[in-house]
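Chemist: Using the sequences and the hints given, assemble the complete structure.
These protein sequence lines map, in sequence, to chains A, B, C and D. Under numbering that gives the first Met the number 0, the first residue of the first sequence is numbered 0, with each subsequent residue one higher. Under numbering that gives the first Met the number 0, the first residue of the second sequence is numbered 0, with each subsequent residue one higher. Under numbering that gives the first Met the number 0, the first residue of the third sequence is numbered 0, with each subsequent residue one higher. Under numbering that gives the first Met the number 0, the first residue of the fourth sequence is numbered 0, with each subsequent residue one higher.
Some hints could be false.
Intra- or inter-copy, both count: the list cannot distinguish identical chains.
To be verified - EDC-like cross-link-like pairs, simulated, lysine to aspartate or glutamate; straight-line CA separation at most 16 Å:
no. : residue 1 : residue 2
1   : Lys-48    : Glu-132
2   : Lys-114   : Glu-210
3   : Lys-48    : Glu-153
4   : Lys-222   : Glu-13
These are calculated hints, taken from the structure and not from any lab test.
The primary structure of each chain is shown beneath.
4 protein chains.
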Amino acid sequence: MSRNVIFRSTIDVELVKGSASDLDVVFSARVSTEGERTRDHEAGELTDKEAGLINFLMRERHGTPFEHSYFTFYVNAPIFVWREHMRHRIASYNEESGRYRVLDPVFYVPDENRKLVQTGKTGAYTFEFGTDEQYAITRVQLYHTCQVAYSAYEEILAAGVAREVARMALPVNIYSSAYVTMNARALMNFLSLRLIAEDSQYPSYPQREIEMVAEKYEDIFRKTMPATYAAFVKNGRVAP
Amino acid sequence: MSRNVIFRSTIDVELVKGSASDLDVVFSARVSTEGERTRDHEAGELTDKEAGLINFLMRERHGTPFEHSYFTFYVNAPIFVWREHMRHRIASYNEESGRYRVLDPVFYVPDENRKLVQTGKTGAYTFEFGTDEQYAITRVQLYHTCQVAYSAYEEILAAGVAREVARMALPVNIYSSAYVTMNARALMNFLSLRLIAEDSQYPSYPQREIEMVAEKYEDIFRKTMPATYAAFVKNGRVAP
Amino acid sequence: MSRNVIFRSTIDVELVKGSASDLDVVFSARVSTEGERTRDHEAGELTDKEAGLINFLMRERHGTPFEHSYFTFYVNAPIFVWREHMRHRIASYNEESGRYRVLDPVFYVPDENRKLVQTGKTGAYTFEFGTDEQYAITRVQLYHTCQVAYSAYEEILAAGVAREVARMALPVNIYSSAYVTMNARALMNFLSLRLIAEDSQYPSYPQREIEMVAEKYEDIFRKTMPATYAAFVKNGRVAP
Amino acid sequence: MSRNVIFRSTIDVELVKGSASDLDVVFSARVSTEGERTRDHEAGELTDKEAGLINFLMRERHGTPFEHSYFTFYVNAPIFVWREHMRHRIASYNEESGRYRVLDPVFYVPDENRKLVQTGKTGAYTFEFGTDEQYAITRVQLYHTCQVAYSAYEEILAAGVAREVARMALPVNIYSSAYVTMNARALMNFLSLRLIAEDSQYPSYPQREIEMVAEKYEDIFRKTMPATYAAFVKNGRVAP
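Modeler: Here it is in structure tokens:
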């Protein structure tokens, strides 16, 4: 009668829609200096001068021209990732509701690519792979807890109690999905804080699972706005 | 040698680009209740059930599903309009810069459709048309001032002084252009405060010239998101 | 060796500090009409005219004068409450971190004052008390789950695995504490959405536990800014 | 009958009120690591460890602990300064209204300390003092324009036309006053963009008159939150 509990180790990010391009950066920035809507070409490669303008804006921290490009993502990730994600306030969210629907028994567990052991002091942790035993203990404990928790959820629901009460039993590694809309400036801020990159001016220490979201965002961002992405990286991944 | 001063009585609004539709509202809202990215049809008419969902969201003030739709406008308006417009903080702006370029001698004057005389008490003013003499005085004084001011601007520039200093002479009715990006929720907030409408739950008393901007925004909004616009009007033009 | 699990049914809210008063609303609003910093009296009762001005601002939705008053709260609440709270983006948060510290085994369970059974359709639920059996099942299941989950958390930690991994086992009813700073305008928005009140112009259907936070915020707000609170209630609890 | 026009070359900033201190940064940050409201001492000097924590937060760009400290300023500045100031959206404003009151004839003119001549290319201008003749031309032209403009304003008002129409004649160097509330994080962002400082990691090129506002903000900030200010400067004046 009770549903099978499913375990996953990946996170899904899809680009639902967007209105984002390097040219939008160029055209909006040119309003400052030309006072007109000069949109002389609609597509194709950026000229060197245009790419140079984008690099200038990034370097001089003129952030507003990057706000006219938007991305809407559909993301499926564990709740502990959403808890960190939603601290980014310059974004729009619509998340699956445990008050309106019965949540599916899908839970996150780290796989063997996820480093488990933390060393170093606060704010500058590094992570290392664990022993086989450490992976085994982590998985066994998470599997057991999730099964007990989801079973409790089902029992409480079966007794006729509201979904919003029953969900209190569910652990933070349960998956939840949401629409996320961010402009390119906010997205660069997200990437600067949630990705580990050697070429960063300011190192960050994100939890691996939100970094997995950031890696997928970065991939979409690089393909959609290649000159902006190149300027971002060139300038030390400091969001303008 | 000095440039001719031009007077205008209109305000320009163009939709540069957008990613806005009633379906985006529906699909993002459904994540709450279905937890999936159900995007079963891409275009065409909304079903009655979908239009009903939009009306429900508006009435219950579930504002976030309206945040995934974006509009980028190019607007050419006098500075006194921009001063009010930029008080709307949930928006992105790139405006023509008087530090980077010499501003053109184009100034706003009210035409005979613009009511000139204010009656009533603070916060509930009504406006009436003026006499011919009132229109004449207004125009003559504005014409004269703008000519003197622009001439001063040119004289200061001609002396080799910086543009950012010379512009101090220019009056607030000089035109300036900007890119403005807003999501549909912020746009409804703008319309609720900057339009006079008999079917508003809460009356507003905007200055006529920003209402002229709002009228053009409203027209674009109605065409782009007809079901959302209808629900907005039906629910007393209260932004969710 | 393992820690005792503690269950609670209350939520704590303290006012850490604030700079909030009805007079600040009056003085900031007067800048609009008088252009000066008139701060003719520093304390004591508001005059009738001053209370009338506050009511006017609320009714006409002039929201900005309410933004100069600030509250900093210290709140201890379950994670499922924080998940809703942090959707309010016009606020500042510093929350306890499960990456930096071992979380304490304190969990929320509904007591007998918490209605358990939901009736009615989406968006307009009402709640009723449950049977003794429903309360018993809810508690037993939550007790059992929390004990299993916290034990798993301890086992994973004991194996030398990072806190940020071990916490994945913990359920959303574990308590977490945070500093929350909001201005009076954002606070009224919070109250309008998170409190059930018969005198509301727009009914809301918050989960009971975030309403418990809102009730404590409301109490502090009423004492600190009595004229603003009175105007808020008088105008249908619509945030300006 | 017409009012005398007054010219000034300074900008006024007063601290109206605040709830800002280094200790608030420390106490809010400690919630992350200690999960409790540890407020062990209320005043007095920071310990070295506390100052070190503030420096750590600044360096690692943990910005949120700086958001619980607030400043409310009363500022009297020309409109062209307000135009730039209000582009800072993480702030609250209440400004004098030319719709509600007749504006006073007080105008800004640069004095001999204000460099007038701009050299260099876009985005990296430097300024030099002008010749006596350049100062003379600037002043004469501004004096003349302001007198003509204010006289036009008075004539239009005298004809019974609304204040909101008459003000269209007024130049952007007329003074206007406002309440401005910002938290310490937003204030550091303002300072990083609006002050020229040799110890800045990222140079800025603000217009001199908004820098005059920033200098006064900086002075108040340094006195109110000395350890935070020291950490800001030490870390290259990069806002966290």
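Chemist: Run every hint past the structure and note whether it holds.
Modeler: Evaluation of the provided hints:
1. Taking the closest pair of Cα atoms, Lys-48 and Glu-132 never come within 16 Å of each other, the shortest separation being 56 Å inside a single copy and 39 Å across copies.
2. In this assembly of identical chains, the alpha carbons of Lys-114 and Glu-210 lie at most 16 Å apart only when taken from the same copy (13 Å versus 40 Å across copies).
3. In this assembly of identical chains, the alpha carbons of Lys-48 and Glu-153 never lie at most 16 Å apart, being 61 Å within a copy and 31 Å across copies at closest.
4. Proximity of Lys-222 to Glu-13 under the C-alpha cut-off of 16 Å is restricted to the intra-copy arrangement: shortest distance 13 Å within a copy versus 28 Å between copies.
Comparing the model with each earlier hint shows violations of hints 1, 3; every other hint is respected.
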